Amino acid sequence: NAGVMQNPRHLVRRRGQEARLRCSPMKGHSHVYWYRQLPEEGLKFMVYLQKENIIDESGMPKERFSAEFPKEGPSILRIQQVVRGDSAAYFCASSQGEGYEQYFGPGTRLTVT
Amino acid sequence: SQQGEEDPQALSIQEGENATMNCSYKTSINNLQWYRQNSGRGLVHLILIRSNEREKHSGRLRVTLDTSKKSSSLLITASRAADTASYFCATDAEGSGNTGKLIFGQGTTLQVKP
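Residue numbers (my numbering), protein chains in the order written: chain A, 1 to 113; chain B, 1001 to 1114.
The hints are simulated quantities; they were obtained by calculation from the structure and are not laboratory data.
Incorrect hints may appear among the rest.
Said to hold, decoys possible - Here are the computed lysine to any residue pairs in the SDA-like style, where the Cα-Cα straight-line distance is at most 20 angstroms:
1. B/K1026 <-> A/K27
2. B/K1070 <-> B/S1028
3. A/K27 <-> B/H1045
4. B/K1069 <-> B/T1099
5. A/K44 <-> B/K1069
6. B/K1026 <-> A/E41
As the list claims (entries may be wrong) - The following label-pair restraints were derived from C-beta to C-beta distances:
7. A/R15 <-> B/S1068: 48 to 54 angstroms
8. B/S1028 <-> A/S30: 35 to 41 angstroms
9. A/Q17 <-> B/K1056: 44 to 50 angstroms
10. B/R1054 <-> A/R14: 51 to 57 angstroms
Every value quoted in this text rests on a predicted model; they were computed, and no experiment measured them.
C-beta: ideal position from N, C-alpha, C; glycine also.
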């Protein structure tokens, strides 16, 4: 029973490029949450999705960031025109429903040069 | 402002001793979850405790929840060097529009010396 999968594990992008981060939830889970962790800090909520729906994007920056969870395939967090301040670890978590345990993937560490 | 705040920020103990970490939060919650994170790695889920529960155990872990004080504690008994990690509490806030998103504290860094 595979856990939450994220890829790539490490991503290096130059300023102005696009970053695409992928997350496959645990089998049987249809709720996906994305969090960002800056160095030496705790995690900050970004967005919550169910299949084909964004439920809560209150933690997403208003510009350059978008997320989707299509009917087929992984959830994608997309960052356009990356800047150095986007360098962080991005974690995805999946759950069987609201109020249940959230299980985290290994994260994608984004470095913007 | 942070919903969850852990105390202490850092803790260093000898192998075999017990480690206690505390978490305080501000708003009413549905549940509180504790996670462990080894340096540069992902988060490992430890325990979820619901607002109507006062104590839960899992192996060497004991979690308590006091909703009147808006606080929780994580006790690790008979610590091992492998317990060295950062520990985070995360709250699922109660309220209309709540979607299960977790609000994390800054974490407690635990070092267990062999």
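Comparing the hints with the structure gives:
1. B/K1026 <-> A/K27: This hinted pair is violated, its Cα atoms lying about 34 angstroms apart.
2. B/K1070 <-> B/S1028: Satisfied, since the Cα-Cα distance of roughly 8 angstroms is no more than 20 angstroms.
3. A/K27 <-> B/H1045: Holds. A/K27 to B/H1045 sits at ~17 angstroms (cutoff 20 angstroms).
4. B/K1069 <-> B/T1099: violated (24 angstroms)
5. A/K44 <-> B/K1069: Given pair A/K44, B/K1069 is violated - Cα atoms ~24 angstroms apart, limit 20 angstroms.
6. B/K1026 <-> A/E41: holds (19 angstroms)
7. A/R15 <-> B/S1068: 48 to 54 angstroms: holds (50 angstroms)
8. B/S1028 <-> A/S30: 35 to 41 angstroms: With Cβ atoms ~27 angstroms apart, the hint is violated.
9. A/Q17 <-> B/K1056: 44 to 50 angstroms: Because 45 angstroms falls inside the window, the suggested range holds.
10. B/R1054 <-> A/R14: 51 to 57 angstroms: Check passed, 52 angstroms falls within 51 to 57 angstroms.
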